[in-house]
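Please arrange chain B on chain A, whose structure you already have, making use of the hints.
2 protein chains.
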Amino acid sequence: MDFSQNRLCKLLGIQYPIIQGGMIWCSGWRLASAVSNQGGLGIIGAGSMYPEVFREHIQKCKAATNKPFGVNLPLLYADLEQLIGIIREEEIKIIITSAGNPKIWTPLFKEMGCTVLHVVASQKFARKAEEAGVDGLIAEGFEAGGHNGREEITTFNLIPAVRSVSQLPLAAAGGVYSGHSILGAMALGADGVQIGSLFALSEESSAHSNFKNLAINSAEGDTKLLLKSLHPVRLLNSTFSKAVEKAESLGASKEELEQLLGRARAKKGMFEGNLEEGELEIGQNAAYIRKIEPVKDIFATLLSDLKSAYSDLGKRC
Amino acid sequence: MDFSQNRLCKLLGIQYPIIQGGMIWCSGWRLASAVSNQGGLGIIGAGSMYPEVFREHIQKCKAATNKPFGVNLPLLYADLEQLIGIIREEEIKIIITSAGNPKIWTPLFKEMGCTVLHVVASQKFARKAEEAGVDGLIAEGFEAGGHNGREEITTFNLIPAVRSVSQLPLAAAGGVYSGHSILGAMALGADGVQIGSLFALSEESSAHSNFKNLAINSAEGDTKLLLKSLHPVRLLNSTFSKAVEKAESLGASKEELEQLLGRARAKKGMFEGNLEEGELEIGQNAAYIRKIEPVKDIFATLLSDLKSAYSDLGKRC
Chain A
0 MDFSQNRLCK LLGIQYPIIQ GGMIWCSGWR LASAVSNQGG LGIIGAGSMY PEVFREHIQK
60 CKAATNKPFG VNLPLLYADL EQLIGIIREE EIKIIITSAG NPKIWTPLFK EMGCTVLHVV
120 ASQKFARKAE EAGVDGLIAE GFEAGGHNGR EEITTFNLIP AVRSVSQLPL AAAGGVYSGH
180 SILGAMALGA DGVQIGSLFA LSEESSAHSN FKNLAINSAE GDTKLLLKSL HPVRLLNSTF
240 SKAVEKAESL GASKEELEQL LGRARAKKGM FEGNLEEGEL EIGQNAAYIR KIEPVKDIFA
300 TLLSDLKSAY SDLGKRC
Chain B
0 MDFSQNRLCK LLGIQYPIIQ GGMIWCSGWR LASAVSNQGG LGIIGAGSMY PEVFREHIQK
60 CKAATNKPFG VNLPLLYADL EQLIGIIREE EIKIIITSAG NPKIWTPLFK EMGCTVLHVV
120 ASQKFARKAE EAGVDGLIAE GFEAGGHNGR EEITTFNLIP AVRSVSQLPL AAAGGVYSGH
180 SILGAMALGA DGVQIGSLFA LSEESSAHSN FKNLAINSAE GDTKLLLKSL HPVRLLNSTF
240 SKAVEKAESL GASKEELEQL LGRARAKKGM FEGNLEEGEL EIGQNAAYIR KIEPVKDIFA
300 TLLSDLKSAY SDLGKRC
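In the order they appear, the protein sequences are chains A and B.
Each residue of the first sequence is one higher than the one before, starting from 0 at the first, in numbering that gives the first Met the number 0.
Each residue of the second sequence is one higher than the one before, starting from 0 at the first, in numbering that gives the first Met the number 0.
The shape of chain A in the complex, shown without the other chains (with noise of 0.2 Å):
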């Protein structure tokens, strides 16, 4: 396999084309330093970290790899423009933007020097943040864990929508756990991946172990779209799940579904590893994802499954 001419790789200045997806209670400096120094793009996720803790954990990881790593900023974020600063201040190049409008800051990160890819779920969507300005597409499909689109798109679909709208840089998320499904989403269309489940499950995610161990344990069928009229999630069955399932299958409203929700039930669950009380987010390939392992392993085990998928492809056609 050759990457030298892979596009993604070129825009970010990295040695394969795999970004590990910024996700909340689970990439800290730890996992983000490790995938950049295996050649992917490691990720701190802001989504989770009050500011300060967020400048420690760029801190710890410049510290931990001469590589380039990024940062994942949830638009809607309260204390954003603090997060901002912060980003100016410690000179992160690479910036990967979801959940609000990128016309409103793309122009802001562009003026700072920066990279930006935007995160979306459809075709209407991808349009509209190449106008807002950003230099490439991270296109995440309905089997994505945690917070996902309304329009239930999949993966499989997403990507070749996506790319017959746009030319930028493309990754694929949303179900990419092995080389196979590295290829499938080249295939498709994308430039690469962003993998999120594999990387929540490493040996260097600050997830809990309850949250791993039950996660690698979990079987088809285990993970869910919840909460849908307030902000579709996907969820791994558990108590505090199967009680959403059964409210909205009563016909819940919104305030009933907010109240049940609570607050720092992502917290619970993830981080702190209370699998009854908490809110388990991950991706549905959860139910094919067997071992918890270093990211140098993943990488060794991606990286050789990658080549045999594209000698396999070669049999068939």
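Among the hints, erroneous ones may be present.
Since the list can't tell identical chains apart, any single copy or any two copies may satisfy a pair.
[What the hints assert, rightly or not] Each computed DMTMM-like pair below joins lysine to aspartate or glutamate, with the alpha-carbon atoms no more than 25 Å apart:
no., residue 1, residue 2
1, 241, 255
2, 123, 304
3, 123, 244
4, 223, 247
5, 314, 304
6, 253, 275
7, 9, 80
8, 290, 275
9, 123, 311
10, 223, 257
11, 223, 254
12, 61, 90
13, 253, 90
14, 223, 51
15, 314, 134
Think of the hints as simulated: they come from the structure by calculation, not from any bench.
Coordinates of chain B only, in the frame set by chain A:
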């Protein structure tokens, strides 16, 4: 592209690894013979046919093509034994089974000298189908139109998952509508594809033009998986589907949904073109299919796009 060693082509005696989905109210002899004449595998969908109508379609298909074609047989069909009698008398040699247990019927079909492919929606059922002795698998993801698996596994997740447990010839279904999606399916591990919606909306499909026109003008998010508590089915937005959605959001019971559904709604919608009261089954990719074309043109576009997709892939890795 070279399909001379493609295992699905060899198994079925076809030129291109493209199977047409056997869809109720869409796939009679006109569509099936058109697909077979282009080098794919045409399929007569028995699901919406009385036994004597089924026989008539088989005989007309034989008159319209000298290439292989097959039939799709939902194993839960009320008149199943009568249909099997017709398959035997008409010497049909390719059967695609779905919606039922392959263990019960596969031995009989093999005794009749047939090639049997079974439709599965999970890794678990792929194993069971292989144990039942089928010759090939069709793995159909969440994005597919019509009846669908309870686990909601997407095509992008399902194909590598099935491939990792079975080496049988494998077709990917759900979301296939372009050369890029065919190559994507093959890169993920499938030997070929089954295409539904694109053929359901072709000129030769027996569906009503009202339905076809509504579908090619639909937008992202306009299909939804509904009636999950009865049997999940992907429907295009319509007056009827909105009533179902509303009832479900208010916590309707199974009995209430059964009553709301009533009888013969799919015929009313897809065959008679009643867009208010009818049920309209179509895949999520209807949002990206913009033309009603003859099967010949569809094949030409698919094959030329497949070539471009393969050459694009070489530039990425």
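25 Å Cα threshold - placement of residue 257 relative to residue 223
both (18 Å within a copy, 24 Å between copies)
Identical-chain pair category, residue 253 with residue 275, by Cα at 25 Å:
Result: close within a single copy only, 22 Å intra versus 29 Å inter.
When no copy is named, should residue 123 and residue 304 be tagged within, between, both, or neither for a Cα gap of at most 25 Å?
Close across copies (22 Å), not inside one copy (33 Å); limit 25 Å.
When no copy is specified for residue 223 and residue 254, does a C-alpha distance of 25 Å or less occur within a copy, between copies, both, or neither?
Close inside one copy (21 Å) and across copies (24 Å); limit 25 Å.
Are the CA atoms of residue 314 and residue 304 at most 25 Å apart within a copy, between copies, both, or neither?
both (16 Å within a copy, 19 Å between copies)
Residue 223 and residue 51: within-copy, between-copy, both or neither at 25 Å Cα
neither (34 Å within a copy, 43 Å between copies)
If the cutoff is 25 Å on CA atoms, where do residue 61 and residue 90 land: within, between, both or neither? Let me know, please.
Answer is within: at 11 Å inside a copy they meet the 25 Å cutoff, but 70 Å across does not.
Alpha-carbon proximity context of residue 253 and residue 90, limit 25 Å:
Neither, since 41 Å and 57 Å both go past 25 Å.
With 25 Å as the alpha-carbon cut-off, assign the pair residue 290 and residue 275 to within, between, both or neither.
within (22 Å within a copy, 50 Å between copies)
I want to check one pair: residue 123 and residue 311. Are their C-alpha atoms no more than 25 Å apart within a copy, between two copies, both, or neither?
between (34 Å within a copy, 23 Å between copies)
Intra/inter-copy verdict for residue 123 and residue 244 if alpha-carbon distance must be at most 25 Å:
Answer is between: at 24 Å across copies they meet the 25 Å cutoff, but 29 Å inside does not.
Should residue 241 paired with residue 255 be assigned to within, between, both, or neither, using CA atoms and 25 Å as the limit?
For residue 241 and residue 255, both the intra-copy (15 Å) and inter-copy (23 Å) Cα distances are at most 25 Å.
Violated hints, listed in ascending order, are 7, 13 and 14; each of the other numbered hints is respected by the structure.
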